[in-house]
Amino acid sequence: MTKIIEPSKQSNIFRRPSSETGIWSWITTVDHKRIGIMYGYAAFFFLLIGGLEALVLRIQLSQPDNNFLTAAEYNAMFTMHGTTMIFLAIMPISAAFFNYLLPLQIGARDVAFPRLNALSFWIFIFGGAFLYSTFIFGTAGAPEGGYLAEEVGWLGSAPNGGWFGYQPNAGMKYSPGTAMDFWAIGLQILGIASLISAFNFITTIINMRTKGMRFMRMPVFVWMTFAVSFLLAFSLPIIAIALFYVTFDRKFGTSFFLVEGGGDPVLWQHLFWLFGHPEVYILILPAFGIVSEVLPTFSRKPLFGYAAIVFAGFGIAFIGFGVWAHHMFASAISPVAQAGFGLSTMVIAVPTGVKIFNWLGTIWGGKLKLNTPMLFSLGFIGMFVIGGLSGVTHSIVPADTQQTDTYYVVAHFHYVLFGGALFGIFSGLYYWFPKVWGKMYNESLGKIHFWLMMIGFNLTFGPMHWLGLQGQVRRTWVYAEETNLQFWNIVVTVGAFIIALSIIVFMINWIFSKRNGEKAPFDPWDARTIEWTIPSPTPVWNFSKAPEVRALDDFWHTKYTEDEEGRAVRREETDQILLDLEEEGLNPSEHIALPNPSYFPIVLASGLPLLGYAVIYKSIPLAFIGAVLLLIGGFGWGTEPLEEEIHEDSDE
Amino acid sequence: MITLYIVSTLSLIIVDNINMLVKNIFKLKNLRYFLLIFLSACIENAPLDSLSPEGPYARSIDELFWLTFWIAVVIFVIVQGALLLSVFVFKEKPDSPEPKQIHGNTKLEILWTVIPVIILAVIAVPTVRTIFDLANEPEDALKIEVIGHQWWFEYKYPDYDITTANVLVIPADRPVRLEMWSNDVLHNYWVPKLNGKRYLVPGQTTYLNLHADSPDEFWAQCGEYCGLSHSKMRGRVLSLSENEFQTWVKNQQQNAIQLEGNSLAAEGQQVYLNAGCTQCHVIDGVWDVQGDRIAPNLTHFANRNVFAGAALYNTEENLSKWLANPAEIKPGTFMPNLELTEAEINALIAYLGTLK
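Line order of the protein sequences matches chains A and B.
In terms of my numbering, the first sequence opens at residue 1 and continues consecutively.
In terms of my numbering, the second sequence opens at residue 1 and continues consecutively.
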């Protein structure tokens, strides 16, 4: 009999939400696991949209001088593809992992600020919806004085200045209409979401670790979450300010980036990439963390060079703030700056290499179980190495001036962010699937997914290196037939559709296994970290009593000892320990007080898009309603206790 | 798949080289076309190919690229080899023993930190040297101003008082120094066979050196996304021998002549003067511009083999398409549809053909 305390129904202003099932329980939840799941589904939804946008781009480029899309539509599609994949797919899917796993891996019941966590999620949802409402409300057109042969249409009325929004092209004069305002303000709102969760995770990691979970006993995934949170906290304010400048330039006649008013368009590039390069590590470090969990488990060996991997991660995060101008080698910067940033870019390859060698050291001499999560992690290493090596060629500044702004760069960062980040994410999705759903995924479908994606991915992005070196520039709506680029463009398009097919296989596997999959034991992988000591699916209260950690990979050492040769030997008492753990995990012996659900995070978050519309349409009434919602949310939140008092009668 | 990737990349390189052999030794054109059917893009020289340099600047970049490339290939083979090897060797088998629990090795950590540092240091030296070499202003270089417009490049020769567009004419065997800026948004000037890219920034001047080995025609392309017709912002670079270059300069310095009489071309001149073209375009000796000089100078239009930002070849067919509705070809263009009749268009084309 569980003894969860019934929450008091009476809050001081509104009646407190109390449903435990149904839609309202999800809307008002502050449970990190539910928030993580919602983050995951929302991000996957946006991943599908971003993927569709990519397919549309690829159809357009499959033939020279194609007219499947108009220029306006093509520009809108590549802008939205990049923006969606970075801000609405990869970042939030990483947030899904952080949310779900971070408390479990450090032995906590929840994050430090559960309602802030919910707020962060709802701001992300409203931010994404706000950005995508551009397809309904947004307008775009030719630059001031220019002509278009046909109407822009709904597809072309999305932001069209690129995900990097270079000024002055993304300014009002050259990108008239409201589409780029949706982009700037949408990113601003999404940035708030990430900033809030960054502080939440930092606080959680510092304060909520269970007994004995010293810093150097934390799983690498927690370390990477820590690093990413600091990166977010330091880099997002930069882009926030830059986006405010853009919005002021566009809406209120300032000229931060406009030459005619004394501004400087290159300043935008510096600000954008000073955020944008740490952003790359924000996208890839979570995958580093996931892979560092998966490889040791399925090699049945501890992570090789734990400390080196942790410090390399922080080294990357730190140096990541000193390499931004390598995105601008062809821009207006001096040879001295080129040399400096070229060298710093080379330096960042060193800690990255350290990580890769340590992963290889981990699998070397192991007993490798090649199931789906392991295949994705191994694939991650292989693909990420290619992306890393082509990254080093960018630090060779003169060579980069040939490669920059071509498909070579597109190939490079897709090897990093797809072959790297996304492969790592899929690895994690399969690895923790049993913990989240209490069911096993289908291994054969998982392997089909892996191989299809591996083939599709390399067909899509491998030839892009070649296309770029042969002169196909980025963001090109059409290419001339005489450039002789058609053959590989067709291959690339075919590859993109194979990726799409692999995603369908993944979805079938997910839906089928979640419903009818085999029941998962609580430790299906014979894993190493403490999230596997609790039942699958994770109970609402996570740990029935706070675990005590005595070592790195504590769970493994509970189960195994070593013989004289240093080989793992299962302890005699292990079976009994596991039985006890399962029994205890399902039947907590102490009272557990969980944070109560709340309406206020979603109320507060709903004010932000209204404020966004208010800026775009310069509407005082909208601003007023938005501000009122913010105030109601904030006031209600402030006067509502996190956990309601325990009532005697609800205790059995 | 990784091996497949290596094999496909290597086979590309091999096929490319074989084709060069075939071309150079046997000159078997038929075989070339036969291969072309299979691997058209990778064997036929692409006009924007950055891997076939035809000038000293591009060549110094190319050398650096290949140095890095081969080092990268070695590292690639080692790492992917180690990955595949460990997968095959340490794959779980029924009789696999439990692995030894090794937590790390400090010597190895130092080793794989130091070795990459040394390799990078080796690459860094020529990189830094080349950066400064490329930035230096060459002696006795010809100065040319490049001005970026949405979506075409304008060229001015201050020494000769010439203004032209789309086709950059340079002397072969002499370096040129481009002084560049933009009239509107960011652009990026790129002639892959002659040098790397450089941005054109409004309000600032940037510099780029070009030097061609021999008289030839090269393609240029705007690299930076600059709005609707970014992909059609192209160009040509024509390198001429010193004599031909001087002839070209003399020709460019001449004004156009006012046409008299009843020829079709003279009719076209009337259309040019009355339909609104003079709002933006200049034909020296005929009519100066009335508004801002935001459009290409047409004085020697017929001398250039491309127009409309080098998106179209200078043919009668293309011209009539363009004049009928410019935005159809270049979305967002600042050239309006003047609703010309077919007769007017034909007359205009005849007139433009006289502007040699």
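Keep in mind that the hints were calculated from the coordinates and are not lab data.
Among the hints, erroneous ones may be present.
As the list claims (entries may be wrong) - With a straight-line Cα cutoff of 27 Å, these simulated DSSO-like cross-link-like pairs (lysine-lysine) come out: (1) Lys367/A x Lys91/B; (2) Lys91/B x Lys447/A; (3) Lys519/A x Lys100/B; (4) Lys369/A x Lys93/B; (5) Lys250/B x Lys369/A; (6) Lys369/A x Lys143/B.
Unchecked claim - Distance windows between CB atoms, simulated: (7) Pro335/A x Gly261/B: 55 to 61 Å; (8) Val117/B x Pro521/A: 35 to 41 Å; (9) Val122/B x Phe215/A: 32 to 38 Å; (10) Gln63/A x Asp173/B: 35 to 41 Å; (11) Pro335/A x Val122/B: 39 to 45 Å; (12) Lys173/A x Ala121/B: 44 to 50 Å; (13) Glu242/B x Phe318/A: 53 to 59 Å; (14) Pro237/A x Val289/B: 44 to 50 Å; (15) Gln253/B x Phe318/A: 32 to 38 Å.
None of these values were measured; they are calculated from a predicted model.
Here a beta-carbon is modelled for each residue, glycine too, at the ideal position from N, C-alpha and C.
Hints, one by one, checked against the model:
Note on Lys367/A and Lys91/B: the hinted pairing holds, with a Cα-Cα distance of about 6 Å set against a maximum of 27 Å. The hinted pair formed by Lys91/B and Lys447/A meets the criterion: a straight-line CA distance of about 16 Å does not exceed 27 Å. Taking the CA atoms of Lys519/A and Lys100/B, the gap is near 32 Å; set against the 27 Å cutoff, the hint is violated. For a cut-off of 27 Å, the pair hint linking Lys369/A to Lys93/B stands: about 9 Å separates their Cα positions.
For the suggested pair Lys250/B and Lys369/A, the alpha carbons sit about 76 Å apart, so the restraint of at most 27 Å is broken. The straight-line distance between the Cα atoms of Lys369/A and Lys143/B is roughly 65 Å, outside the 27 Å bound, and the hint therefore fails. A hinted range of 55 to 61 Å for the beta carbons of Pro335/A and Gly261/B is consistent with their spacing of about 58 Å. Taking the beta carbon of each, Val117/B and Pro521/A are about 46 Å apart, not inside 35 to 41 Å as hinted.
Remark: the range hint 32 to 38 Å for Val122/B to Phe215/A is upheld by a beta-carbon distance near 37 Å. For Gln63/A and Asp173/B, the Cβ-Cβ distance of about 40 Å falls inside the hinted range of 35 to 41 Å, so the restraint holds. In this structure the hint that Pro335/A and Val122/B lie 39 to 45 Å apart at CB is violated, the actual value being about 21 Å. Between Lys173/A and Ala121/B the beta carbon distance is about 46 Å. The supplied range of 44 to 50 Å therefore holds.
For the pair Glu242/B and Phe318/A, the beta carbons lie near 55 Å from each other, so the given range of 53 to 59 Å is met. A beta carbon spacing of about 47 Å between Pro237/A and Val289/B agrees with the range 44 to 50 Å that was offered as a hint. The hint said 32 to 38 Å for the Cβ distance between Gln253/B and Phe318/A, and at roughly 59 Å that hint is violated.
Of the numbered hints given earlier, the model fails hints 3, 5, 6, 8, 11 and 15; all others are met.
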